[in-house]
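Here is what each chain is made of, one letter per residue.
Number of protein chains: 2
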Amino acid sequence: MGGDKAPQAIVEGARDALAEYAHIERLYLVGDEATVKAEVDRLGFRDRRLEIVHSTEVIGMGESPVQAVRKKKDSSLTVAVDLVKRGDCQAIMSAGNTGAAVAASTIKLRNLRGVDRAGIASPLPNEHGPCNIVDAGANVDAKPVHLLQYAIMGAVYARHVQGKENPVVGLMCNGEEEGKGTDFTREVFELLKASHLNFRGNVEGHDLFETKLDVVVCDGFTGNVVLKSCEATAKITMKWLKQEIYKSPIRKFGAMLAKGAFLAAKERGSYETYGGSPLLGVNGICIIAHGSSSPRAAKNAIRVAAEAVRHHVNPHIEEEIQRAEALSGLAQ
Amino acid sequence: MGGDKAPQAIVEGARDALAEYAHIERLYLVGDEATVKAEVDRLGFRDRRLEIVHSTEVIGMGESPVQAVRKKKDSSLTVAVDLVKRGDCQAIMSAGNTGAAVAASTIKLRNLRGVDRAGIASPLPNEHGPCNIVDAGANVDAKPVHLLQYAIMGAVYARHVQGKENPVVGLMCNGEEEGKGTDFTREVFELLKASHLNFRGNVEGHDLFETKLDVVVCDGFTGNVVLKSCEATAKITMKWLKQEIYKSPIRKFGAMLAKGAFLAAKERGSYETYGGSPLLGVNGICIIAHGSSSPRAAKNAIRVAAEAVRHHVNPHIEEEIQRAEALSGLAQ
Numbered sequence: 667m668g669g670d671k672a673p674q675a676i677v678e679g680a681r682d683a684l685a686e687y688a689h690i691e692r693l694y695l696v697g698d699e700a701t702v703k704a705e706v707d708r709l710g711f712r713d714r715r716l717e718i719v720h721s722t723e724v725i726g727m728g729e730s731p732v733q734a735v736r737k738k739k740d741s742s743l744t745v746a747v748d749l750v751k752r753g754d755c756q757a758i759m760s761a762g763n764t765g766a767a768v769a770a771s772t773i774k775l776r777n778l779r780g781v782d783r784a785g786i787a788s789p790l791p792n793e794h795g796p797c798n799i800v801d802a803g804a805n806v807d808a809k810p811v812h813l814l815q816y817a818i819m820g821a822v823y824a825r826h827v828q829g830k831e832n833p834v835v836g837l838m839c840n841g842e843e844e845g846k847g848t849d850f851t852r853e854v855f856e857l858l859k860a861s862h863l864n865f866r867g868n869v870e871g872h873d874l875f876e877t878k879l880d881v882v883v884c885d886g887f888t889g890n891v892v893l894k895s896c897e898a899t900a901k902i903t904m905k906w907l908k909q910e911i912y913k914s915p916i917r918k919f920g921a922m923l924a925k926g927a928f929l930a931a932k933e934r935g936s937y938e939t940y941g942g943s944p945l946l947g948v949n950g951i952c953i954i955a956h957g958s959s960s961p962r963a964a965k966n967a968i969r970v971a972a973e974a975v976r977h978h979v980n981p982h983i984e985e986e987i988q989r990a991e992a993l994s995g996l997a998q
Numbered sequence: 667m668g669g670d671k672a673p674q675a676i677v678e679g680a681r682d683a684l685a686e687y688a689h690i691e692r693l694y695l696v697g698d699e700a701t702v703k704a705e706v707d708r709l710g711f712r713d714r715r716l717e718i719v720h721s722t723e724v725i726g727m728g729e730s731p732v733q734a735v736r737k738k739k740d741s742s743l744t745v746a747v748d749l750v751k752r753g754d755c756q757a758i759m760s761a762g763n764t765g766a767a768v769a770a771s772t773i774k775l776r777n778l779r780g781v782d783r784a785g786i787a788s789p790l791p792n793e794h795g796p797c798n799i800v801d802a803g804a805n806v807d808a809k810p811v812h813l814l815q816y817a818i819m820g821a822v823y824a825r826h827v828q829g830k831e832n833p834v835v836g837l838m839c840n841g842e843e844e845g846k847g848t849d850f851t852r853e854v855f856e857l858l859k860a861s862h863l864n865f866r867g868n869v870e871g872h873d874l875f876e877t878k879l880d881v882v883v884c885d886g887f888t889g890n891v892v893l894k895s896c897e898a899t900a901k902i903t904m905k906w907l908k909q910e911i912y913k914s915p916i917r918k919f920g921a922m923l924a925k926g927a928f929l930a931a932k933e934r935g936s937y938e939t940y941g942g943s944p945l946l947g948v949n950g951i952c953i954i955a956h957g958s959s960s961p962r963a964a965k966n967a968i969r970v971a972a973e974a975v976r977h978h979v980n981p982h983i984e985e986e987i988q989r990a991e992a993l994s995g996l997a998q
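Heads up: the sequence lines are chains A and B, in that order. For the first sequence, my numbering gives the first residue as 667, with consecutive numbering after it. For the second sequence, my numbering gives the first residue as 667, with consecutive numbering after it.
Just so you know, these hints were derived from the structure itself, not from any lab. In this text, all values refer to a predicted model and were calculated from it rather than measured experimentally. Be careful, since some hints might not be right.
No copy labels: a pair is met if it fits in one copy or bridges any two.
Stated by the list, open to error - Straight-line alpha carbon distances no greater than 16 Å define the calculated EDC-like cross-link-like pairs of lysine to aspartate or glutamate that follow:
#1 739 with 698
#2 901 with 842
#3 905 with 876
#4 809 with 849
#5 739 with 984
#6 901 with 870
#7 908 with 793
#8 901 with 876
#9 878 with 842
#10 905 with 793
#11 830 with 973
#12 901 with 793
#13 737 with 723
#14 739 with 729
#15 809 with 782
Same shape as in the complex, but just chain A:
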């Protein structure tokens, strides 16, 4: 029930995901049964792996996350997380209130062994493959050790789900030189430098799309602000170009001839291609989809959820966190 286009876009995405991914064993649609059923019927969506789970409440986009999760015990989100908690399913996907998804997962599923704080890994379309920004907003008051853990978890995700050999990790900063940044980032720098990760050092906004980077760590405040700013810039750039094109018939005709390029470039920069951002560090898979997810974005978020399960992201995270702890123990 969460997201700007729910349940239509979500149900349609679910249909396409089941059609495309044979390895998904079961898919639960959690929400108001009548509403979801009507949508399923409208689409002629029939699949023996599909099951509708009724819930009576919805957490709104503007609601205070922790309070909403505590109060609305029968919201589509909390009921879905309960399915994971009970072991009925292995992953959830939500396009609703991000804070609530983080709160519900953290409260109900708890963190993985050794993980202090969960972080959202949001993929940006870098020229060398997805560049995961961790944390994209789960934890705004982060401590340096949280960012070390984000780096470890992001690298596991990049390696095991995205197929990156030796993931390159960067630290978001206001300059590339060592010594740049705040007291906070300089402390994180030392932790990353001492770790077993493939740490590239400080990175800047300029590096996000063209430098080979698989994971960029930052506190959740910075990550969230950066991601929204990037999204806004891409949107306004295309909007202004369109406005200028519409100023003359010749330009419009030209743009029509080049239409394929506009579509391809849009596709390349679109979050829909990646579909979802995993909340790394909780004991279960939770994929956070964009609030305005289209059917395609929803389908890809479901794919991401299934892949995270299939590639055993969480056992790998526990292993790597333990390894890092052992290493830092040896170093002391």
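With the hints as your guide, set chain B onto chain A.
Chain B only, in chain A's frame:
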């Protein structure tokens, strides 16, 4: 001597500024005399208002700001700031090492009465006119009261130099709702709410280009990261579009017909139009230009410097800071 295209682009920008702005009484070009002279001659740049001031050193882009300013007492930057300090001129413009420009101005000129920390106001091309991000990176370890002062100074600049009636101030945050953000931003929120400013509340990346906003305050770390991320996104968006266009002759032909739209859109989003970011809060005018400033960007940065002087930005800042102090004194 500072900036990627110095001294060529700077000298050319200076020539165009003098040609266009009759109200500039004198313009000093500070740098290696032979090099600057050669450039002036090459351009046939002759103007009785022009004077070359010799300096023997240059501060590099990667140098540690405070150390460089202390050590290189005859760098083009420090000599230029000394001209302001001695009262020989009222404003400096630099496209070189930003940190060094901030350090030299702060150390030599000192802050205005009542100002604790200077902040860089970087204009983003918002649809309602320039939206000034303060601080864009002068002070990465900011305190809440610094952001209140940035808001006051940014509003003065927006009103007196950019002609905004009742400047709208926003606080950069990871969500719009009151209560979002970190302990730090929540404290700033209260200060802004209690002030006499036209405070709109928390704003997100999504608001930067389309919401009417004249000033957005944040700590220098966040501001710097956001601005570089926006710049990188705009660049990559156009790069990918171009790459897709070059994939077929039809697309190329179409794009050629629509070329005017590409140029106009680029112009609209370009930092060159604004040309420079004032360092607000120091006792003198210091305009920081983009490191890769073109002649046009350099010319516009010189224009901004002259306008800041002409509109008495600094006396207005002192007045407004005093007014805010009186108000908060009354409130206590």
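* Unsatisfied constraints (hint numbers, rising) -> 2 and 5
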